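Enquirer: Residue numbers (our numbering), protein chains in the order written: chain B, 277 to 617; chain S, 15 to 336.
Misleading hints may appear alongside valid ones.
[As the list claims (entries may be wrong)] Partial chain B-side listing against chain S, Cβ under 8 Å, derived: (1) L421; (2) L422; (3) F433; (4) Y519; (5) I522; (6) F554; (7) T583; (8) L584; (9) I586; (10) I592; (11) V594; (12) I600; (13) F604.
[Stated by the list, open to error] Across the chosen pairs, the derived CB separations fall in these ranges: (14) S/L136 - B/V585: 17 to 23 Å; (15) B/G316 - S/L136: 52 to 58 Å; (16) B/D504 - S/G30: 54 to 60 Å; (17) S/A91 - B/L601: 26 to 32 Å; (18) S/N246 - B/R589: 25 to 31 Å; (19) S/L136 - B/H326: 24 to 30 Å.
[What the hints assert, rightly or not] From the structure, some residues in chain S lie toward chain B, with a derived Cβ separation under 7 Å: (20) L110; (21) A112; (22) L172; (23) M318.
The set of hints was computed from the structure by calculation and includes no laboratory data. What you are looking at is a predicted structure, and each value in this text was computed from that prediction instead of being measured. All residues carry an ideal CB built from backbone N, CA and C; glycine is no exception.
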Amino acid sequence: MEARSVPSAAHLPLRERLRELPALRWARFHPESAAAGVIGLLVLILIIAHGVHEVAQTGLNGLSLGSVYALGAVGLTLVYGILKLVNFAHGEFLTFGAYMAFLVTVTWGAPLVLGIVFAIAATAVLGIAFERIMWGPMRARNAGLLQLLLMAIGLAFLIQNTIQFIWGTEIRRLDVNVTDTVEFLGLRIGRTDLIVIVVGFVTLLSIGAMLRYTLLGKRMRALSDNFDLAETAGVDTSRVVLYTWIFAGGLAGLAGVLAGAVTTVKPLMGFELLLPIFAAVILGGIGDAFGALAGGLVLGLMIEWSTLVIEPRWKISVGFAVLILVLFIRPQGIFGRARAI
Amino acid sequence: MTLPLGITFESFTDFGFWTSVGILAGTYTLFTLGLQLNVGFTGIVNFGQAGFMAIGAYAMGILVVKADWSFWLALPAAVLVAIAFGLLIGLPSLRLRADYFAIATIAAAEIVRITAQNARELTGGNQGLFGFDDSWNDVSNTIEGWLESLGWSNPETLFPLFLVVWATALAATAVLYFAQRSPWGRVLRAIREDEDAARALGKNTLVYKLQSLAISATLGALAGFFLALNLNFLNPDEFEPLFTFIGYAVLVLGGLANYWGVAFGAIIMWTILEGTRFVDLPLSAEREAAVRFMIVGLVLILLMAFRPQGVFGKKEEMVLGD
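My request is simple: use the sequences and hints to build the entire structure.
Expert: Given below as structure tokens:
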């Protein structure tokens, strides 16, 4: 069957007409404000329907979930931006971090702070190890997109099932206090959730400052913009790549511990978190670290707020729906620039 | 005969074992043929094949059990539902780059699975959906009687399914093989090699990519039917993204851009996955399962590192994504 020439010309008028609507024109040039406006409107509707208290209460849960997503998303987006690797094994980094914390706090009985530090360090080392063993050599051979994608999936299988081999499928808990609650302004939040939000926000702010103001952060963003140009300009790319894996691994490890602290630790936890994290990355514009921070928080809030409207068992599909909607409406994300998508 | 590791070879000479491996391999041959068409010949990375399988299987099951349709009418209707879902997903997302498309399709497949899990009135949720296979059992009994009349006393109960799965899988392989040599197949390859060039030649590449995805959805739905008949019930766990990735392992084992390699890859993969159940290691069941999937992961990594085109693939056809 022969196709008609000049593809999709028939659709153009309507599409163009829609794109030229004043409101949509404005939204296209001010995506951040448009997104903030839409979210603000939704929150307003929720407040009218359910009252400020409930919206604030679910919002707190959203912030704790969002911190986990944001921490996971920064690493995933940095690796994508700098190495053009869609790391399907990133979720397993979170799982690995959670089990490292389990090992230190429950098996060895050490305090949680030590568990967190150990998890961050161990996951960062894991990131570097696979860079040295797999990703570096594969890049040197100019491996294609599918090759890297399937390798990452193979790696995800390997890590996840090694963890299942060692610790089994049994659902485990970190040794944290899950019953104590803190009350303020009439809102109630679990002590652990509060710690997760505080740790998450402090880390996210320092990572944001690091990317914005330090030389290393600028180099990372330069590599993400244009790897070859940065290399030509004299940036020691292999060192920056190494630091990228340290950050991606360390942040994923931390995200895993925090996720394990507020929920449970099991071999599939990371893979279940991976798709919402992808959604956060795409929401913020793939490759954009600041976008991933914002995307993670926004997604966490949206998922928790959705429980005011739909049954909680459906809430996980909100993440996927957001992901697909963003891909359809604005594939470059809220903060992304329209590059080759 | 027992080896030090405790491997018993009795199962490998057991006809029932090979029948069940054969059914799974045939089902995943159909499943992976769709991936071969998409990835190997069109250059679109479809990560949602388990979702198409789920849509096909559940549409069939729901039409038969909840809407009282005839099984034979429900089959083509379920294929149409799967195609419609494929077009719905493909129309907006096929314009995106390969990696975005991969993420969009896996998210779509997960929405299907989570819906199957949570829309309990319709799908039975985690309790499963039963009672769609009466018409098939009649056919199966007819084939069994026919086998007995050929002088095979007491044939394997699942053997008729084995025959039908492989007849379908081989027919689908042959159809795709010849379609690939047609002008239509050459356009798909042109899109894989250089989409802009194909477009410059006046081909509406989006239409061709949608056709490729629709055929893949059809094959996914067919695999879903056989999966459902094999299990006698439907459960959301059978449609996890894991199974799409097993499909990719089958694909790269058999080789990219080679339709006949798919059956080979499927047989190897399911012999490994099922055969290891009989390797009597001193391990608990969940550890054995973990070892099986560690092997799958290693196979994927090593193949991609050292022979990315797979066993029967052609290196010069390894043009994927950008």
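Enquirer: Hint by hint, work out which the structure violates, then give me just those numbers in ascending order.
Expert: 4, 5, 7, 8, 9, 11, 15, 22
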